[in-house]
Structures are given as structure tokens and as C-alpha cells.
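Visitor: Fit the two chains together into the complex; they arrive one by one in their own frames, and the hints show the way.
Residue numbers (our numbering), protein chains in the order written: chain A, 1 to 250; chain B, 251 to 559.
Hints in this document: simulated from the structure, not taken from any laboratory.
No incorrect hints appear here.
Heads up, simulated EDC-like pairs for lysine to aspartate or glutamate below, C-alpha to C-alpha not over 16 Å straight-line: (1) B:K550 to A:D237; (2) A:K217 to B:D370; (3) B:K391 to B:E280; (4) B:K530 to B:D547; (5) A:K203 to A:E108; (6) B:K558 to A:D235; (7) B:K391 to B:D370; (8) B:K523 to B:E502; (9) A:K220 to B:D370; (10) B:K558 to A:D237; (11) B:K523 to A:E245; (12) A:K203 to A:E69; (13) A:K220 to B:E367; (14) A:K2 to A:E51; (15) B:K469 to B:E436; (16) A:K16 to A:D27; (17) B:K530 to A:D235; (18) B:K550 to A:D235; (19) A:K250 to B:D468; (20) B:K391 to B:D334; (21) A:K198 to A:D82; (22) A:K220 to A:D27; (23) A:K194 to A:E69; (24) A:K2 to A:E109; (25) B:K403 to B:D266; (26) B:K444 to B:E402; (27) A:K217 to A:D91; (28) B:K262 to B:D288; (29) A:K203 to A:E109; (30) A:K104 to A:D211; (31) A:K217 to B:D389; (32) A:K217 to B:E367; (33) A:K32 to A:D71; (34) A:K194 to A:D82; (35) B:K558 to A:E245.
Now the in silico label distances, taken between C-beta atoms and shown as ranges: (36) A:S226 to B:E367: 14 to 24 Å; (37) A:E108 to B:I432: 35 to 45 Å; (38) B:D356 to A:P190: 42 to 52 Å; (39) A:R83 to B:V413: 48 to 58 Å; (40) B:P369 to A:E108: 35 to 45 Å.
Cβ coordinates follow ideal geometry from the N, Cα and C atoms, glycine included.
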Amino acid sequence: MKILVPVKRVLDFNVKPRVKADGSGVDLANVKMGLNPFDEIAIEAAVRLKEQGTASEIVAVTIGVAKAESDVLLTARAMGADRAILIATDDAVEPLGVAKLLAKVVEEEQPGLVILGKQAIDDDSNQTGQMLAALLGWPQGTFASRIEVGGDAVCVTREVDGGLETVRLTLPAIVTTDLRLNEPRYATLPNIMKAKSKPVLRKAVADYGVDVHPRLKTLKVVEPASRSAGVRVADADALVARLREMGVAK
Amino acid sequence: MRALVWVEHDNKSVKDATLAAITAALQLGEVDLLVAGDGCAGVADQAAQIPGVVRVLVADDAAYAHGLAENVAPLIVALMADHDAVLFPSTTTGKNIAPRVAAGLDVMQISDILSIEGPDTFTRPIYAGNAIATVQTRDAKLVITVRGTAFEKAAASGGSASVVPVPSEGDQGMSRFVSAEIAQSERPELTSAKLIVSGGRALQSGENFRTIIEPVADKLGAAVGASRAAVDAGYVPNDYQVGQTGKIVAPEVYIAVGISGAIQHLAGMKDSKTIVAINKDEDAPIFQVADIGLVGDLFKVVPELMGKL
Numbered sequence: 001m002k003i004l005v006p007v008k009r010v011l012d013f014n015v016k017p018r019v020k021a022d023g024s025g026v027d028l029a030n031v032k033m034g035l036n037p038f039d040e041i042a043i044e045a046a047v048r049l050k051e052q053g054t055a056s057e058i059v060a061v062t063i064g065v066a067k068a069e070s071d072v073l074l075t076a077r078a079m080g081a082d083r084a085i086l087i088a089t090d091d092a093v094e095p096l097g098v099a100k101l102l103a104k105v106v107e108e109e110q111p112g113l114v115i116l117g118k119q120a121i122d123d124d125s126n127q128t129g130q131m132l133a134a135l136l137g138w139p140q141g142t143f144a145s146r147i148e149v150g151g152d153a154v155c156v157t158r159e160v161d162g163g164l165e166t167v168r169l170t171l172p173a174i175v176t177t178d179l180r181l182n183e184p185r186y187a188t189l190p191n192i193m194k195a196k197s198k199p200v201l202r203k204a205v206a207d208y209g210v211d212v213h214p215r216l217k218t219l220k221v222v223e224p225a226s227r228s229a230g231v232r233v234a235d236a237d238a239l240v241a242r243l244r245e246m247g248v249a250k
Numbered sequence: 251m252r253a254l255v256w257v258e259h260d261n262k263s264v265k266d267a268t269l270a271a272i273t274a275a276l277q278l279g280e281v282d283l284l285v286a287g288d289g290c291a292g293v294a295d296q297a298a299q300i301p302g303v304v305r306v307l308v309a310d311d312a313a314y315a316h317g318l319a320e321n322v323a324p325l326i327v328a329l330m331a332d333h334d335a336v337l338f339p340s341t342t343t344g345k346n347i348a349p350r351v352a353a354g355l356d357v358m359q360i361s362d363i364l365s366i367e368g369p370d371t372f373t374r375p376i377y378a379g380n381a382i383a384t385v386q387t388r389d390a391k392l393v394i395t396v397r398g399t400a401f402e403k404a405a406a407s408g409g410s411a412s413v414v415p416v417p418s419e420g421d422q423g424m425s426r427f428v429s430a431e432i433a434q435s436e437r438p439e440l441t442s443a444k445l446i447v448s449g450g451r452a453l454q455s456g457e458n459f460r461t462i463i464e465p466v467a468d469k470l471g472a473a474v475g476a477s478r479a480a481v482d483a484g485y486v487p488n489d490y491q492v493g494q495t496g497k498i499v500a501p502e503v504y505i506a507v508g509i510s511g512a513i514q515h516l517a518g519m520k521d522s523k524t525i526v527a528i529n530k531d532e533d534a535p536i537f538q539v540a541d542i543g544l545v546g547d548l549f550k551v552v553p554e555l556m557g558k559l
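In isolation and in its complexed conformation, chain B is listed as follows (with noise of 0.2 Å):
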């Protein structure tokens, strides 16, 4: 089988995200990238480090600059003439052109795969991780996203691919990138950290979170998450959020601090290695996934740890 892997970057440097899909890719069969972006040479020469990948496709043009859906999945489809699957991370940008594809091929995607269990069967989580299903697909060619925490990520050198430039298929003149606002942050990624502490509602503001949340963290050299309802009251942007719908994290260690433990927030972190809980409701469901639990008042126990640490 031949597989395509959509690689994710900033035109600067492959995300980590794909090196999980690379990994996936390569129990399917030989596998090729595809980089399409704008002045993105240098992401297909460090793509081409990777170990294991044949050939990194390369489609350097203004119309991929911002990885927008309308423009890459008919590149995609075009590329698909030659290949048996396509795999994509399930991050925002990959479930937002993995279904264009799709259904541009006519064929039923398969989402967030956690293992692959035969060429045409996968497992994937349904209802928020609370049942896994094993499904097989009848279609001729294969479109995939893969739940990075499910796989192992990929080596990033030790490779040595040949990079071959593809024909660009333009403009589809009907979207625009307009601005997008990043967050700049000296801590490590979200989905990529080996320790998180997560806060929730119970954090009460902002300033909170800032004054109690963050500065335990730095001192872990941890990522910061936090629960929807954090976000919805808006301590923290939206790229904070840890659930079903969020991220989906599963670090060494995950510190939830001041979250009940919601199913949507299990969903997303309920693969973490160990899980830590403080919580003044001893009721909390979040107990009922901890392997260390502390009942007690937040505000109180948060800054005794930060002294201890």
C-alpha cells in the first residue's frame, strides 16, 4: 500500500502532530509526505529526515500559505491518483481538510484512529472515548486522521527521502485568509507536554488562574490546560481546552487542579500516565480516575505546594 502523509507546519518547521500520523502510516505500507505551503523548502528538506519516507511532494505556492481546506484538498485529491491512503493528524488544520478530501474521493473518512489493527480495519473512539469502536471500510482507497496520542511519534532525522516538487492546483478563489491571532507561549505545547497542570472553574477568575495555576507549572516546566468551563468563562483562550472537543493530551503526569472530572474532560485526558486531583467535593468523578487525589481547598493547597516545590 501507498500512503500519503499531510505534513502540518508554520512554512517554518514540521509539527510534531504528523510525526504520529507518520508512524501510522508506515504499518499501512511505503510511505510518502506531502508539504504544501509557501516558501516551505526548508520544512521538505527536514521532512526528508524523516526515517522511513520514500518521497516528500513538495507544492510550494501562495495558494497553501495558510493551509486552507478550499486549496490543499483538491492538491490532495489530485495526489491521490497514486496513492492508497491518506493520513492526516487530528489537529484543527487536518480535520478541517481530511473530509474535503473524502469526500472529493467519494470515500467514507475514518476519524482519530487509535490503532490499526488490519489494512482495511481500524479502533476509534466513539461518544467521547466512553466506547471504542473497530470498524472496517469497504472503500478502495483510504482517508485517515490519527489521534496523535496514540501513536508513537516518528524519529525526526537518521531519513534521507528524495524531494520532488508537484504541480500546484491554484487558487480556488473562494476563501481568504484574513488574520489569525497565535498564542506566544515559552511553555511547552499542549498535546505534546509530558506534564500538565489543568485548572477549572472552581480557579474563580483570570487573575486567578495567572496567580495559581501558571506559576506551578513553570515551576514543573509543564503545559498549562484547563476544562471547558474555564474557558467558557473566559479565564484562559480556547487553545487552553482539554476534552472531547478540545485537545485530547495524555502526558506523563496531568495535574487537574479545581476541575470536577466531567466526561468531555476525561475524554480528553483520561490516557495520561498518572493522574493528579485536588478538589475540596471529595464527590468529584474526577477522584474516580486519580491515582493521587488531594481533598482540599485550592487557594489553600496550591500555594503550600508552590513553597514545597
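This is chain A alone, in the form it adopts within the complex (with noise of 0.2 Å):
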């Protein structure tokens, strides 16, 4: 079976955002830009199912600028995908149209499981894999914490509101991670060299044909109000007193 990996350029998140003081959005130039960190879990899982023998390919595929190929890309083949698909672009494309390019994709590719991340850390949409599930008529194991194929299904367990849920999916099927799923090996430096020659297809947003108009203008991005610090107590009398005061404590 094979895997295909979507996986989205996103800013650091070790980088405390910063947003444009003409309000357009989150400062992007010159600041460090790495792999969605629920995408490098999806990875992880993928790579996994094929050390299992469960999994025969893992294609990596990303939506982006072009520098990708040389970062998150070859992150993703470090980590163990076998080759990787970048369809270019230097605009934001939305959840929907991702999910519009990705279904061409899956359409090529006809892979047997699509694992994606539930969310990327930048717009924080949490739509993509269930969009994609949508268009293709496919289910949809979302919020992962455990991932079991057997024959023509797959099980997953979710993280819900309330605790774990499980569903037996019949493949092909759409699984997006959650972070207990698995904890990413590193890409190391070995790796990294032995995958800049693992194959890369170069294509851009026109190939497929479909419409990837934005269809939500962004009117302004500010910072959200700020909090800022109180008051130090000396000890627990203190605090005591100070939840008192609020009425939490009698």
C-alpha cells in the first residue's frame, strides 16, 4: 500500500509570531520557517507502517513556495518518505483548495491511506483532511492517537472531547494525527544527505486543472489584547487570602 504525506512550510513554533504593523498579517520575512509539527508526527506514522511492511511507498507532497524543496521536503525524505511531489506557489492557498489539489493528487497517485496533520500552526484551520476525505468520498480518522490496518481497514483511535474514541475505517481512507500518535524521529544529518537524491516532481497549481481562488479575504490581523503581569504573593497565606478576597475560597 501506498502512503501519500501531505505536509505544510509553516513558521517555526519556536518563533513567537509577530504581526505586520500595517495589520496584513504575521511578519514572515527573515524569520525561521520549518515543518508543521502534526505533519512531522504524520510522517512518523507513515514511516512506521512501512518499517511494519505494512506500507510499500510514502510519497511526501506539499503546496508552496519553491524553497520548500530544499526544507520541508527534504525533511520529509530524511525522515524516511521515498520521494516528493511540490506544486509551487507563491500564493496562500486555502484548506479547500488544498484539499481540491490534493484529490488530483490522489487521483495520480491512488494511494491506500492519506495521513495528514489535524491542523498546521499557522492559520490553525483544522479543515484539510476532513475537506479531502469529503471530496474524494473517503472516511475519516481524524484527531489520531493510534493507527491499526488490518486487511481492508483501518482502526483509529481519537483524541475527543471526552477521552478515546475508535472507528474502523474501510480503506482507502483519510487519517489525521494528533500529537500522542508518536514522537517524530529526527532528521539526521546522514539521512539528510542521502535524501537529496531521492526523486522530487516539480508542478505547479496550474497542472491540475482546478480553481484555488481564495474565498476568504483577510480584512485585518491584529495582536489579541494583551495580558499583563499582577501581583507577586510571598506564600500560600497570601494566595489564600487573595482567592478569599475573589470569593473562590471560603
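Guide: Put into C-alpha cells, the structure is as follows:
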């Protein structure tokens, strides 16, 4: 079985985002970019399925700037993806547009499983996997903390509000990853060197003939109301006194 | 505008998060509710009591027993022929279904709205709440998820909506519910609690979580939360997690014990009215947002606190 893993290049999760002074967005010039953390978990999940002998090939795909080929798609290959597809664009593509492009990639590649991060840590949309599932008419196992492939189905344990839920999906299927699914391996230097010779197919958004025009217009982006540090109390007595003042403690 | 709100429930009662989504929907126009479930007539009757609601549409079918997105989404897509907007609470189930509906309607979903600025304009958090975007949609129909802490909860009684059965779209036959491990707790639910006591990695073990954090929470009648680090370390189950990708909470008082305050955690709790932090590292980022800070060893401070409460 082939596994497709879509990945996104985002502001590195350790970098504090800065809102641009003109309110047009978050400043991404000259800041460290990296692989969306949930997508790293998705790659790791695919690699483990390959190591178990369940998957035969892993294809990573990204939609974004050409530079992604030498950073996030390199990381993906170094972690274990066999090859990569770059769908190059300098424009931001919304989840619906991404899902439409991915549906075309799925048509061409015919994977048995598509594993995606549950959300990207930039726009926090949490939509692409579900949308792709809808467009393909496939079942979806979102927010996965455990994946078990057997026969013509995959059992996915999902992190839900009250705890955990397990669903059984007929393959082919979509899985989106949550934090506890695995701990992704590091892309080691030797593996990064080796990954450079793994193939990358370069495509353009126009090659797929789908309309990815944005539906949402961002009118402005502002910083949230900030909180300032309050008072320090010396000990438990003082804290209890404050809690009593607030009516929290009797 | 005619808005539809998907009602989250367990076939017995309406979940609280739905009430905030109803408040948001009422700002858009006339509101119908959808109760899709199995043996859910009681839920529909309960939903009909919510003031301001015109109709409660009920799809009662075994296919909807567990809220599987594969089965619920086609039902909502069909009902959208008569509605201009559909709203979901930003719960794990809401977030699972909504984008499947949006793609079915060829609409770009607006996730996790904080406010409604106009019939097509909304604010929503991006970058873990480090920025707030105002977005305007060009789509003819709206698919929205609503952040529960950003809207008041609608009242649960006083209304008298009509209850109208709608046909099921049936089981799509591609997914099946297997099992659930849902935590049973006497404590208040995290997302609607007025008071939360949360613990972090500094607790060092699940045992310490149970003997140090939980007694204080129970004494105060608080819900118990945790940082991602504490969940990843296995001290507590995943449903305790507060943060960007966990639960978003905004209680009256949030007491953070041994939590350093990574931006991903702050994203989930910084709208709390009062934040109390106990941490032995005086430079911990949590103190930059805390209204009341206590620098000290939690293993000493919290038992002391417990003794004095």
C-alpha cells in the first residue's frame, strides 16, 4: 500500500509570531520556517507502517513556495519518505484549495491511506483532511492517537473531548494526526545527505486545473488584547487571602 | 438569514458547547437546530426549549448514533438547501464534521470564530491566538465553527420551538463506531468550569497529580486541567489538555501549578478572567500573564494551601 503524506511549511513552532505594523498579516520575512509539527507526526506514522511492512511506498507532497523543496520536503525525505511532490505557488492556498489539489494528486497516485497533520500551526484551521475525505468520498479518522491497519480497513483511535474513541474505516481512508500518535524521529545529517538523491516531482498549481482562488479575504490582522503581569504574593497564606477576596475560597 | 446549528449531544442531553454556537447563530438571523442521533427524541424536546429557536429538525436513525462525520455530513449538506449558514461548536466532534460539510457545499469554512462583525465578516484566532484575523467570506453559504468561550451560552429553557422530523440520509457504509473510553468524572467539565486547577510537568508523576492537584481542585469544586507536557508524560489522560490543540478554556479563575507557560498552553487559557500561577522558576513565562503569582516549590506550597482552604 502506498501512503501519501501532505505537509506544510510554516513558521517554526518556537518562533513567536509578530503581527505586521500595517495589520496585513504575520511577518514571515527572515524568520525560521519549518515543517508543521503535526505533519512530522504524520510522516513518522507512515514510516512506522512501512517499517512494519504494511506500507510499500511513502510520498510526501507540499503546496507552497519553491524553497520548500530544499527544507520541508528534504526533511520529509530524510525522515523516510521515498519521494516528494512540490506543487509550487507563491500564493497562500486555503484548505479548500489545498484539498482540491490533493484530491487530484490522490487520483494520480492512488494511495491506500493519506495521513495528514490535524491542523497547521499557522492558520489553525483544522480542515484539510476532512475536506479531502469529503471530496474523495472516503472515510476519515481525525485526531488519531493510534492507527492499526488490517486487511481492507484501518482502526483509528481518536482523541475526543471526553477521552478516546475508536472507529473502523474501510480503505482507502484519510487519517489526521494528534500529538500522542508518536514521537517523530529526527532527520539525521546522514539521512539528510541521502535524502537529497530521493526524487522530487516539480509541478505547478495550474497543472491540476482546479480553482484555488481564495474565498476568504483577510481584512486585517491584529495582536490580541495583551495581559500584563499582576502581583506577586509571598506565600500560601497570602495566596489564600487573595482567593478569599475573589470569593474562590471560603 | 436562516442559520442551522448542529446540536452536540449524547442521545440523552444537549452538550453545553452547543449553547454558545446558538448565541452566535442568533446574531446572524433565524435559527433552526439539527438533532441527529439514535433515539434522540428527548434531546429534541430539550433543544426545543432553547429561546429564540424556530424549529428543531430531528433525524433519528441508528446511522447517527455516534455522530460519525461520514453519515452526518451528507444530512447537513441536504438541509443546507433551505439554510444560508451552518454553525458547529468548536468541539472535537464539531471540528470533525464541519469541514466535511464545507467541502460538500464547495465552501471555505471559517474556523473557531470569536466574534461576528457583519453577515459575512468574522474574527478568528491564528498562530495559537498570537494574532486575531478579521476575515470576510465571498461564499454564498457559511460554514462556521464557534469558539465556546467567545460567546455567552444561550438559556436552556423558556423557548418553544416546533419539532420537525427530517429524513435520514442513511448509513454511508464506510465507517463504523467500535468503542469509546470516555472518562467518568464527578468534577465540572473543563470547558464550562468556573474554576480550573491545572498541573504541568513539574508534578513529576501521575501519582503526584492525584495527591497534590486533584485534592485542591475538589476542595475548590474546580475542574482539573493539564499542560501538554503533563499529558505527553502520561500523568493524566489526553482530555485534560489545555492549549492550542487541546481545550480552550476561559474560567473565572485558572490556577496553573508547575506550568511554565509555553505559548501553546497560553493559547488555551489566556482569556481566563484571573490567572494564578505557582512555579518555582521566577522567570517562567506564565508569570507574564498571571494576575497573581507565587514563586515557590509546588510540593511545599500546594499542600500548605490545601491545609488553609
